[in-house]
Amino acid sequence: MSTAARGSAAPWFGSQAARWRSWAPASLAVAVLCAVAASADPYLHATAARMLPLAVLAASVAVVTGHAGLPTLAQVAPYAAGAYTTARLALAGVDLALLHLLAAAAAGAALAGLLGVVLVRHRGTVVLMLSLAAAELTATTAAQWRSVSGGTDGLAGIPAPRLLPGLPPLLADRAVLLYAAAVAIAATAAAVILLGGNRQMLLAAVRGNEARAAASGHRVYAYLWAVHTGAGALAGTGGALLIHTHRWITPADVGFTTAALALLAVVIGGATSLPGAAAGAVAVLTVRDVAAADLPGHAPLLLGALFVAAVYLLPGGLTALPHRLHRQRILPTRLRRQRHQDLPAGSGAARPAVRSTP
Amino acid sequence: MDAYLIPAVDGVAYGLLLAIAAAGLTVAFGAGGVLNLAHGTLIAAGGYVAAATSSGTWTGLVLAVLAATVAGAAGGGVLAAATAALRGRGHLDQALLTFGLALAGGDLLTTVYGPDTLRPRLPAVLQATVTVGGHRYPVDRLAVLGIAVVVCAAGYVLLHRTRAGRLVRATVDDRAMVAGIGVNPRLVDASVLVTAGALAGLAGALSTPILGVGPGTADTVLLLSLIVVVCGRLGSVPGAVAAALAVGVVQTLGVTTFPTVAPYLLTGAMAAVLLARRTGLPAQARP
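Chains as they are written, first to last, in numbering that gives the first Met the number 0: chain W, 0 to 357; chain R, 0 to 286.
Keep in mind that a hint or two might mislead.
Unchecked claim - Heads up, incomplete: computed chain R residues facing chain W, CB under 10 Å, no partners named: (1) 8; (2) 11; (3) 91; (4) 99; (5) 101; (6) 103; (7) 110; (8) 270; (9) 273.
Calculated directly from the structure, the hints in this document are not laboratory data.
Think of the CB as a built atom: it goes at the ideal place given N, C-alpha and C, for glycine as much as any other residue.
Working from the sequences, and respecting the hints, build out all of it.
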């Protein structure tokens, strides 16, 4: 059958199917969250709530890595900025959660904007290298700047936030979980909506053929910088959640391991899918914490093995898995092309836009 | 005078060690496109093997250096096999793979050798100090400096005066042309990774008497090597050597002269180099 004959129906069906598939991990995550919140075990509530900051951080890494096409480890910097801003506000007596979130997002955006000036001018592994340096610098700064961070001892006993003035502080494990889940889902959904429509097309164009996008008059650096800065706001929000769920922070919480975990979550979840990355973060932490009980002190070994397995077994991440399974069968060309957009930039950049029928 | 001269000589010795370590990293990236994030782990492995093998005798010392080099080469072989399977999947996947191997390898090293900082047992002669031109200086550092100079000189001769070295440089410049003259570029990639691993193991063995080797070694050395490689332009060995010397001197003089800003000096210098070089880095445009 010719491509043109199916052309009218395929794009709608394709984009709709892709959208549903990208939300599938999110729906699963929400279902799991509801089940956890409904259970009676406060330990389970606390454990689940403490996974959510990393889920938000992973979503922000997915924005930069998948949508802007810049593989980054540097999102821990705005994450740290958000976390320390929140911690300092809370210790200074400001305890309104919304104020914390806004201040943390602003701090994250500011720092990411600063880093973005350098990072968006480079591509590929050079970005990875530069962002590695940025991640190391974040941990160094957090350890050195004693007056703000408390040095390597960190900050403990941070007061719990309040949702509204007059309400009791958020201390109960189930309440913290529901609050953190609401913030994480709202922030991720906002990022997904902001990255939809024309912006998604523009970013796909920049990733696919940067020279051509620039030649068509698009200000590539400006777009990428804006995305990087916005992702910084998302990471800063994650940092605020870190303080709200843990109520202590050490430089190790915003160090290299956290950056690596977030990037691993993105690799597993599929680079362009924010819900996928968030679900990937929860999956990674679950595997690490469940298996850590059997292998105490060997989290890096386990994470390393996961990394290697993810690279070999899941090119394109979990969200690309249905696509890869489908590719074995005969599919309409237009549908295939639609799905190629789900793949990360590195794997799709050199692919021809039009291919012959199967 | 001693306050500056001694750190400066230390810096040159450290810089030469970094140059040995970073030369392999930069060639592996330039030729095969493998950004080897497990490089620091190979260096740490060399250091651990050397520290554990050394016995305080001269024979033990030679054995330790040889064992470290062989361990590094074996690690390089593992990396070559692991990354060869990912051919055609882009730099990022290879970087992620080596990163995963680095995490796992670092964990294994700490499990085998323990969480303490290890130092090799050297022959008594090397643990003394000598007076050169009125300045007292430890013999082991002087020996490391001497060996590092010899290794760098040998590396230069190998890279510029032998057929193998010319093939490696040709692969960095133009893979297709190397394939055209009947040499499989993948063979060059694999041998570069193995050689780079051997150099990393050697650098690890040479640096343990001065710095010791511990759980933090891999990360620190990887970061320093990456700064060296970026500042010296990816794929360029002379650039890497020059950058390594600068990094070594900044690292040692900076720590004694401006202790508060020392942690930021290097990353600041790298950012400055990258900003000054607005056109970007040469090797990144290749698929």
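Hints, verified against the model:
Below 10 Å, beta-carbon pairs count as interface contacts, and residue 8 of chain R has none with chain W, the closest being about 27 Å; its hint is therefore violated. With its C-beta approaching chain W no nearer than about 24 Å, residue 11 of chain R sits outside the 10 Å limit, and its interface hint is violated. Because the smallest distance between the Cβ of residue 91 of chain R and any Cβ of chain W comes to about 5 Å, under 10 Å, the interface hint for this residue holds. Interface restraint check for residue 99 of chain R: the shortest CB-CB distance to chain W comes to about 3 Å, inside 10 Å, so the restraint holds.
Of the supplied interface hints, the one on residue 101 of chain R holds, with its beta-carbon coming within about 7 Å of a beta-carbon of chain W, less than 10 Å. Restraint check, residue 103 of chain R versus chain W: the minimum CB separation of about 3 Å is within 10 Å; hint holds. Checking residue 110 of chain R against chain W: minimum C-beta separation of about 7 Å stays under 10 Å; hint holds. Nearest Cβ of chain W to the Cβ of residue 270 of chain R: about 6 Å, under the 10 Å cut. The hint holds.
Checking residue 273 of chain R against chain W by beta carbon gives a least distance of about 7 Å; that is within 10 Å, so the hint holds.
When the structure is compared with the earlier hints, violations turn up for hints 1, 2 and for no others.
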